[in-house]
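**Student:** Just so you know, we're using the numbering used here here: the sequence shown kicks off at 23 and counts up by one.
Because the hints were derived from the structure by calculation, they are not lab data.
Mixed in with the good hints, there may be bad ones.
Unchecked claim - What follows is a set of in silico ranges between Cβ atoms, one per label pair, in the way DEER data are often shown:
#	residue 1	residue 2	range
1	G94	D124	53 to 61 Å
2	Q139	A484	33 to 41 Å
3	G528	A592	24 to 32 Å
4	A484	R235	52 to 60 Å
5	Q338	P255	57 to 65 Å
6	V409	Y305	22 to 30 Å
7	P255	P323	43 to 51 Å
What the hints assert, rightly or not - List time: in silico DSBU-like cross-link candidates among lysine-lysine, alpha-carbon distance up to 35 Å:
#	residue 1	residue 2
8	K360	K280
9	K45	K360
10	K204	K477
Note that CB positions come from ideal geometry on N, CA and C, so glycine has one too.
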Amino acid sequence: MSGLAWHGQPADPAPDVGQTTLKWRARVTLGGVDRSDQLVGPVSVEGAENEAAVASFAFDPEGSVDVIALAGQVVVLEFERTSGPAYLRRMFTGVVEEAEFDMQTGVVSCLCHDQFQEIMAGQTRAWIDAAVGGRWSEAVSGTPADNFAYLQARLESVPKSMALDPYGVPTVLPWRGGDIAKAATLTPDDWLDGTPRLTMPSRDSLRTRVVVRMQYRYQRLRARYITAEWSQPIGWFIWRETSGERHSLQWLSVAMVKSACEGLSGWEIIGTMDITSPAPGVYLNEGWDDGGIVITPDEAPNLALGFTTYLGTRWQQTVTEDYTVTVVNDSLETALGKEIADEIGANLVAEFDQAAWETDASVGPGPVLVVSEPSTTPPPIGDTIEVWQPEGFDEAARDEIMRTLLDQAWVRLATATRTGRISLDVSIRPDLWLDWWLTIEATKVRAAGKVAAYKHVLDPDAGEATTSLEVALALPGNVHQALPTWSLPATPADTSPAGTYTCTIGEYVGGLETSVPFDEATMVGFSTNLADLLTDAEKASREWYPLQLSIQAPDLEETARDPLTLTTSATINVAVPTDLLEFI
Numbered sequence: 023m024s025g026l027a028w029h030g031q032p033a034d035p036a037p038d039v040g041q042t043t044l045k046w047r048a049r050v051t052l053g054g055v056d057r058s059d060q061l062v063g064p065v066s067v068e069g070a071e072n073e074a075a076v077a078s079f080a081f082d083p084e085g086s087v088d089v090i091a092l093a094g095q096v097v098v099l100e101f102e103r104t105s106g107p108a109y110l111r112r113m114f115t116g117v118v119e120e121a122e123f124d125m126q127t128g129v130v131s132c133l134c135h136d137q138f139q140e141i142m143a144g145q146t147r148a149w150i151d152a153a154v155g156g157r158w159s160e161a162v163s164g165t166p167a168d169n170f171a172y173l174q175a176r177l178e179s180v181p182k183s184m185a186l187d188p189y190g191v192p193t194v195l196p197w198r199g200g201d202i203a204k205a206a207t208l209t210p211d212d213w214l215d216g217t218p219r220l221t222m223p224s225r226d227s228l229r230t231r232v233v234v235r236m237q238y239r240y241q242r243l244r245a246r247y248i249t250a251e252w253s254q255p256i257g258w259f260i261w262r263e264t265s266g267e268r269h270s271l272q273w274l275s276v277a278m279v280k281s282a283c284e285g286l287s288g289w290e291i292i293g294t295m296d297i298t299s300p301a302p303g304v305y306l307n308e309g310w311d312d313g314g315i316v317i318t319p320d321e322a323p324n325l326a327l328g329f330t331t332y333l334g335t336r337w338q339q340t341v342t343e344d345y346t347v348t349v350v351n352d353s354l355e356t357a358l359g360k361e362i363a364d365e366i367g368a369n370l371v372a373e374f375d376q377a378a379w380e381t382d383a384s385v386g387p388g389p390v391l392v393v394s395e396p397s398t399t400p401p402p403i404g405d406t407i408e409v410w411q412p413e414g415f416d417e418a419a420r421d422e423i424m425r426t427l428l429d430q431a432w433v434r435l436a437t438a439t440r441t442g443r444i445s446l447d448v449s450i451r452p453d454l455w456l457d458w459w460l461t462i463e464a465t466k467v468r469a470a471g472k473v474a475a476y477k478h479v480l481d482p483d484a485g486e487a488t489t490s491l492e493v494a495l496a497l498p499g500n501v502h503q504a505l506p507t508w509s510l511p512a513t514p515a516d517t518s519p520a521g522t523y524t525c526t527i528g529e530y531v532g533g534l535e536t537s538v539p540f541d542e543a544t545m546v547g548f549s550t551n552l553a554d555l556l557t558d559a560e561k562a563s564r565e566w567y568p569l570q571l572s573i574q575a576p577d578l579e580e581t582a583r584d585p586l587t588l589t590t591s592a593t594i595n596v597a598v599p600t601d602l603l604e605f606i
């Protein structure tokens with residue numbers, strides 16, 4: 023089978039499959055100097071997906087050589103056919119990593135690599151994004167040390183590999199599909215004795231599911247508006263019993279109202295307090311003919327029949343959305359009869375660190391407590407909630423992280439099934455590289471997969487060479503599967519109950535025959551007493567209360583105040599690529 027044109031390599035004549043009598047020589051240029059005629063022993067070049075290619079050779083300089091200066095010098099390695107049609111192919115471009123000098127023979131041995139890591143680190147992220155595709159998130163992969171680490175993180179989300187071709191050009195290597203243009207079929211006539219060898223994925227290397235965990239944490243900037251209301255008609259303060267006995271109560275004062283409202287810890291008065299005072303005048307209950315209650319113009323403004331006050335408070339609540347999504351290769355799990363799981367995850371935290379927000383309720387972001395509005399324009403009673411989700415830490419970022427994790431989960435499942443290998447040795451095929459799809463036609467097995475690793479060895483003394491190949495093999499099925507388009511789980515619902523938005527303010531009268539002992543813990547509100555003239559015996563036999571106004575604001579319920587975790591889970595069944603594997 024003839025080779026295909028590739029990065030300037032010759033298309034024809036390619037090595038003939040099965041020919042073992044062709045003669046070859048290596049051509050090595052080291053630091054711009056041709057060392058081909060000085061080579062000693064075998065010359066080899068090997069490579070694998072996502073790894074640097076390595077070349078080794080030895081030469082006799084036939085004179086002095088600065089061995090120390092060899093490190094880092096550019097190496098170009100080519101294979102040339104010396105028998106049959108002319109054929110010259112670039113096999114390796116790189117630098118000397120290590121040079122070793124034999125003090126007895128003077129032979130210099132060189133170990134070289136193609137600078138895969140350095141060259142990829144020198145690529146821009148824009149180039150990597152365009153070439154590799156896939157997804158990347160700092161929340162998932164961390165801060166990359168360089169663009170090589172960034173490349174590795176990108177590759178975790180796509181069914182592809184990367185390598186430098188023999189010219190040192192970065193090349194993306196799809197695992198399967200129409201992007202693999204080069205293909206060959208190898209039969210028993212092509213491989214050397216003792217090959218091929220088939221190794222299937224081990225039970226422990228397989229993965230049937232990947233559990234994706236993600237937590238998204240942010241702040242709810244919350245405000246709550248409540249009312250403090252109390253009122254009674256003037257007849258509550260002065261009345262006559264059916265027996266004819268006249269009574270009056272000690273009055274609620276404006277000063278009591280202001281003190282009680284202003285003393286509510288953690289709450290701001292919104293606007294101005296609306297206090298209703300009695301009008302000056304003489305007040306007679308129906309049927310009174312023996313006088314009444316006189317409220318003078320000086321007294322009236324200091325007395326209160328009732329009041330309405332709006333209050334507000336604001337606080338932060340930490341919310342964590344906790345996602346668990348299990349990606350399952352259900353067909354493999356059924357075949358194995360057990361779960362073999364990996365777990366991956368990420369956290370996205372939208373930090374909120376603004377000290378002024380804690381100390382000044384009029385400072386944004388989020389809801390502010392506007393204290394200048396009159397109470398005739400009441401605030402919205404209830405809760406106002408804004409979430410702190412700045413750009414890069416918003417729901418779009420959360421969803422992109424989830425898609426990145428799901429892509430990685432799928433690639434992990436595909437990678438786990440792709441650990442099968444067909445290993446074989448053939449007479450030299452310098453055109454075979456990592457971008458070839460090979461079909462192996464053996465006596466008992468027919469299989470196909472992409473070249474995952476190679477090693478070309480040329481012995482210039484014998485003029486012969488071999489190519490060793492490892493072909494990646496997934497589980498049987500021969501069906502290509504693309505990365506799924508994910509349907510993300512819905513945002514977990516918050517089912518917290520509504521709060522309480524009114525204050526507790528009762529009324530309690532002491533001095534009555536029915537008055538119970540005063541309990542400050544439970545008798546919250548306006549406590550007063552009869553203002554009538556009683557005998558000393560009557561006074562001594564009755565319960566008397568402090569003249570005061572107390573207000574109890576509603577507590578913030580735990581689900582609104584404490585850190586809140588909202589959980590959701592889902593299972594997604596997927597299919598991963600399978601390869602041709604038939605046992606005959």
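**Student:** Kindly indicate which numbered hints from before are broken by the structure, ordering the numbers from low to high.
**Tutor:** Those not satisfied are hints 1, 3, 5, 6, 7, 8 and 9.
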